[in-house]
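Take a look at the letters that make up each chain.
Protein chains: 2
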Amino acid sequence: MATVNTKTGQAVDRSILDSMLRRRLFYTPSFEIYGGVSGLYDYGPPGCSVVANIVDLWRKHFVLEEDMLEVDCTMLTPHEILKTSGHVEKFADWMCKDPKTGEIFRADHLVEEVLESRLKGDKEARGQKVAVDAEKEAKKKKKSKEAKAIKLDDAVVKEYEEVLAQIDNYGGPELEEIIAKYDIRNPTTDGNLLPPVAFNLMFQTAIGPSSNMPGYLRPETAQGQFLNFQKLLDFNNQSMPFASASIGKSFRNEISPRAGLLRVREFLMAEIEHYVDPEGGKKHSRFEEVKDVEMTLLNRNVQLAGSTQVEKMTIGKAVETGLVDNETLGYFLARIQIFLQKLGVDQNKVRFRQHMANEMAHYAADCWDAELLTSYGWIECVGCADRSAYDLTVHKNKTGAPLVVREPRAEPLKIEEWQIDLEKKKFGPRFKKDGKTVEAAVDALSQELREKLSLDLEQNGKIEIDVEGVGSGKVELEKDIINIEKRTRVENTREYTPNVIEPSFGIGRIFYAMIEHVYWSRAGDEARGVLSFPPLIAPTKVLLVPLSTHASFRPLSQRLMLKLRRMGVSNRVDDSSASIGKRYARNDELGTPFGITVDFQSVKDNTFTLRDRDSTKQVRASEDEILQAIKSMVDGDETWEDIRKRLPEFTGQDVE
Amino acid sequence: MATVNTKTGQAVDRSILDSMLRRRLFYTPSFEIYGGVSGLYDYGPPGCSVVANIVDLWRKHFVLEEDMLEVDCTMLTPHEILKTSGHVEKFADWMCKDPKTGEIFRADHLVEEVLESRLKGDKEARGQKVAVDAEKEAKKKKKSKEAKAIKLDDAVVKEYEEVLAQIDNYGGPELEEIIAKYDIRNPTTDGNLLPPVAFNLMFQTAIGPSSNMPGYLRPETAQGQFLNFQKLLDFNNQSMPFASASIGKSFRNEISPRAGLLRVREFLMAEIEHYVDPEGGKKHSRFEEVKDVEMTLLNRNVQLAGSTQVEKMTIGKAVETGLVDNETLGYFLARIQIFLQKLGVDQNKVRFRQHMANEMAHYAADCWDAELLTSYGWIECVGCADRSAYDLTVHKNKTGAPLVVREPRAEPLKIEEWQIDLEKKKFGPRFKKDGKTVEAAVDALSQELREKLSLDLEQNGKIEIDVEGVGSGKVELEKDIINIEKRTRVENTREYTPNVIEPSFGIGRIFYAMIEHVYWSRAGDEARGVLSFPPLIAPTKVLLVPLSTHASFRPLSQRLMLKLRRMGVSNRVDDSSASIGKRYARNDELGTPFGITVDFQSVKDNTFTLRDRDSTKQVRASEDEILQAIKSMVDGDETWEDIRKRLPEFTGQDVE
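Top line first, the protein sequences correspond to chains A and B.
Once you know that position 611 of the first sequence is 611 in my numbering, the rest is easy, because the numbers rise by one and skip nothing.
Once you know that position 89 of the second sequence is 89 in my numbering, the rest is easy, because the numbers rise by one and skip nothing.
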């Protein structure tokens, strides 16, 4: 667990940040008055607002920008669909049970915890400095045996590090082997554990009154989109490529969720399914626009070699060298990075990590995760998978629905092939009720066999073919009843199953990681937290602060409030009796970027001071100028630096 | 089933409308390629967009307008919470099973269906005209015995009509009685049914890997809001009244859903919980603003008398006369009506119906539904219930959490009461381990008893009290160990449990009913449907139609597209080869209010024609004028009539 610093160079103290976020009701454990349920959180007013702003930006950046077709599908999903998609069988984690205490552990997390703890003990024994996570430390002290300062062999250290670097690559058997090899036990009781068993992560329920239709809560929004593929293609006038998109809750029955908002059982996802022709190298018409975007990439082979060393290069170069498989995948990786930048994530805390082979979901052909660095380590916040034709194919095979694209060929395709004609007038009377079976057997003859049979027919005037279930299983056909000829068939239509590139966003994780990135505290006072949301993302854009509760102030703040609301700029009046410094401090914690102070001068000449959250600097100008400046910053047309240059500074009150 | 007409006086043909809505992908049955699941629907691109616009308007109209505290709570809800709230016991419908076929019927719907069918048969036998619902008719022919034209006694007709008028008022025993009395059977097989049994409508699941935490999908968003009451009150600086609000999916495992989007198993709700002091008549500070709003009201007593006769009156009058219980309830009823108007619902197809006593949810003290008239009859789209202090009280009692408001009293409250002092030094040694039990028994003594005991004590120097489980069950206390005195206690703080007024919106039902209200077809052509959404609600605001595929047109439509997008106005270019009439017809079905035609003149002088969907009239003006006119209409500042008056009409092409 590396120490992570804020923009201003302070170490992120998660316990202080967490308590601030809960106090300000960004989020709160669900059902807390009933003791809570791990992995379930509610969002309070500022959290709701930030999430709504992230979703809004997402919709503009992806859906509107590329005319994606947004759909909203149900969360309840019948068993059969998720059986076909492979989720019933494969959407599982490995868990180990302690037979004595009944405790259940997620196997990979247990291995991580124990090996990391041993490595830490080793460092201590070697007299090295160890980064301390105060919260984790406190928990450990309470519940598990003290991590012992025991020195390990250099070779063992290396082995542990290699195991940890590819922890996501292990399945059940590998985890079982590792647990046995390194004698990993229940960290609290030191008891032995049963071998890992698979636990399906979907919540099960029954649809309808008779309980005979089992179903699940969806684990992703994707399946609903795939099932509507044909209708969406129609809606798009058969035009390819195109994308569908969906924003909604999905569910994972996590084995033992920890890590706050980062591992929850119910979460908001935003997913894109971009359908692309698998032929022609999956080019993207707008790749040019992004090719110079600089990316931080961690490739699969580096990880398999036990390292986490990243490379920096443009996405253009990454696609050119084949590190990223194709333009469409590359286009979305770059667009994801631009989106994260707009949200305010710290560019130095973003990397794109390629999945290792065993780590990939059962449907994926390639996958890159956008990971954000937080005090919990590197966290997967966006996945970008190439699901190839997997899903459309399995659903097509199961239902017979034509989940395919049919398009006219520019050049008709000419195919030389052996064709068979049957003389129906004679064929029917001859075979009677067996006619269909015999005809099906004839149709099924391979090209190779047809060629051979045509020679037989020419030489002997008749042929013999196998027809199961008719007579002796052999049927003779004479020249006057069958004809086999090589002809040219012309295909004017091409039919193919599109491949799917799927950028998939975990909004809650992005929300939390982004908050860690914009969090810092005022110099010299750890308790004075600030959330430097970009204006676009901030829950409230403007705080209106009347300096006095005098009656003459109220009409001014009311007027500003209404004018801002009409401009679509969210704002709040704080006319409490708290000191102006306290009122601003409260709003620094809420991340409100701008403050307007209504003072005695305002009552006289209708000028106001405008305060910038991050610098605490102020300018003073007329009502219209102040409102216009705010609108301009909220729309992203100007920054505070621009405003400061063109409006006179104000240094009258200290409102840090 | 009354025939319902469109604005233009045509009868709504639901099968035509439905097929149009599905073809244009407003919605579609979920999992259709797997055969579908009744009661589950997906929303396609235009449906998603309309729903998003409804939600957006809702947030502005309610949440932002009154600074409500929006929260987003989990859908997964542990058993204990819904047990406490009463849903485990009471959130149920009555169902009847056919023991022979295994079919399951919702009891009240079955009674409705059979009695309505008999009434129809009676009308036919009397030679009266019967409104025909083509779709229903077709289904019935397929599956049930033909409704027979049998004349009923006048008295029986009256009985049936009275039963139907209060069908929502019956519980299981009443339904059982009616089914027996009127010999109601399986309409398909004529077989007898088992008596109604309660079926709980919540979807059940298990949270966590060990299956020992049963839970449900929430049936409403309200409980999550109530559980956070204390935190929300803190967030609101202890200030009352205030409201929380939530937008999200809820679930009802309907017995046998029919009626398309109107009865579904998963649905979007928007709910407000407005917390109000129960003392002082539940006044509302903004009631003045709405008191003259004219309402159409159907009161409880009228329904119990077997009628559905409405009354029109202002909400001010309704509150004054006590028909609507209080200002806060009245305020929200009026605000709901204004909201529905903004959406485009037909004012003549809205009524507010008061619930009958047995019909109300278990938590409600009073309830009014905003019902919208559709081809399915009057449909509850918004409920507005007074939940009194029910929920906060049950959760407070169960958990001990202080879900109350504490406020300083303007005047301290003085209470005269009998107080008891125990001489602890003697009391402890005397009772030893029984001390606590005895003390609790003393504390629990009523005021009456204390008064009597104080006399005993004075007279006898000792008293005797009952203490279960200590000694003989009687304990003697002497003057030197106990003292009873009348004193005055001063209470500076008032503590109370707020009452809750809950406006609760079914977004899917509003969506569907509103669409029926804005639907009509061009004169003389039933197949040419139009959806007259207000610009605010329309999925796409502007269609851009280049008259030719000539290369010189493309830069113009691209520029218009980008300019509109920058103005936040959603738009689509249709440069397909279809005729201009066809392209507009397609967009009439999608409800696109405005069309810009790019023609040869545009290429020359940068003027464009702007078409109004409803009138098909056009004006022609410069690019800037056209864009400004659109912006103005989308923002609701001007109407088409305003634009038509100030910009020159264009009659060049026929683009009806």
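It is possible that some hints are incorrect.
No copy labels: a pair is met if it fits in one copy or bridges any two.
[To be verified] No farther apart than 27 angstroms at their CA atoms in a straight line, the calculated lysine-lysine pairs in the DSS-like style are these:
(1) 604 x 291
(2) 342 x 60
(3) 396 x 617
(4) 414 x 604
(5) 645 x 90
(6) 231 x 582
(7) 432 x 7
(8) 349 x 100
(9) 291 x 563
(10) 425 x 123
(11) 60 x 631
Derived from the structure by calculation, the hints contain no laboratory data.
Hint check, failures only: Of the numbered hints given earlier, those the structure breaks are 1, 3, 4, 5, 7, 8, 10, listed in rising order.
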